[in-house]
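Trainee: The primary structure of each chain is shown beneath.
Number of protein chains: 2
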Amino acid sequence: MNIRKAAASDAAAIAAIIIPIIREGTTYTLDPDMSESEALAYWMGRDKKTFVAEQDGVILGTYYMRPNQAGGGRHVCNCGYMTRAGATGRGIARGMCEHSLAHARLRGYRAMQFNFVVSTNERAVRLWQSLGFEIVGRLPAAFRHPVHGDVDAFVMYQLL
Amino acid sequence: MNIRKAAASDAAAIAAIIIPIIREGTTYTLDPDMSESEALAYWMGRDKKTFVAEQDGVILGTYYMRPNQAGGGRHVCNCGYMTRAGATGRGIARGMCEHSLAHARLRGYRAMQFNFVVSTNERAVRLWQSLGFEIVGRLPAAFRHPVHGDVDAFVMYQLL
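Residue numbers (our numbering), protein chains in the order written: chain C, 1 to 160; chain R, 1 to 160.
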């Protein structure tokens, strides 16, 4: 798997990954009805560095990194990861997260924070824990899950 | 104390409150060097409802309310409060927070979340606790305080 910075020409491949996940609305707090151009403006926004993971020239995952806060909080970064439908379970999210941790250290970030990990996304919670993240906060009923109703969300954090 | 929605004509009075606090950089994760117009664009942005607290026609405090997340997280609101220098200790922040809790219920929000309460801001932590907020998360060394160095920040939360 090769992970590299996303180029503008990757937009269509990135949209093909992120739009189904946004439409499903079970893991990210994004408007499920946002347009493709709004979704790309979010995922590839100027406040973010966006990466793609490709295998044999096919883009199977994408992630972004940004400072989680400004001012006195800008040494903590935040990332979001999405894997292409049908390509999950192949270590792509793990590979992207490992890449992001290394890249964050390289850029001088001192910690990484996930602000909102939906508690029913158990595979993600376990994956992040296996990569060194701890649950440092629990937000009661903070996510209205389209299937499970109101569920908790976790704040996860790792010093770098 | 009268609390009302902010008008565009309140911008100068709001700037007089928020700019010194942003410049000090000890309580909010905003760039201390941001311009006045950037600060006002943030505080009075279209994603927010902005209020002012006035006494005898003088604006002594301001707060904003916004959805803390989109999509499945939009039933949780987030607020920020600032009191004019020299007017602290007079119950203005308490009054604004009480107003915001009532307003949030009125607008159908189900919870209120503060994402980043700097742990050294002890007066604020105690005030929010006295108004029903709980510390639901601790972010280790997430804030680089200009005086105290790296300090923790709290995530505070209240179901409505």
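It should be emphasised that the hints constitute simulated quantities derived from the structure, not laboratory data.
Be aware that a few hints might be false.
If you want a taste of the chain C side facing chain R, the calculated C-beta under 10 Å gives, among others [what the hints assert, rightly or not]: (1) 25; (2) 28; (3) 29; (4) 54; (5) 87; (6) 89; (7) 108; (8) 111; (9) 150.
For every residue, glycine included, the Cβ atom is placed at its ideal position computed from N, Cα and C.
Trainee: Determine which of the earlier numbered hints do not hold for this structure and return their numbers in increasing order.
Mentor: 4, 5, 6 and 7
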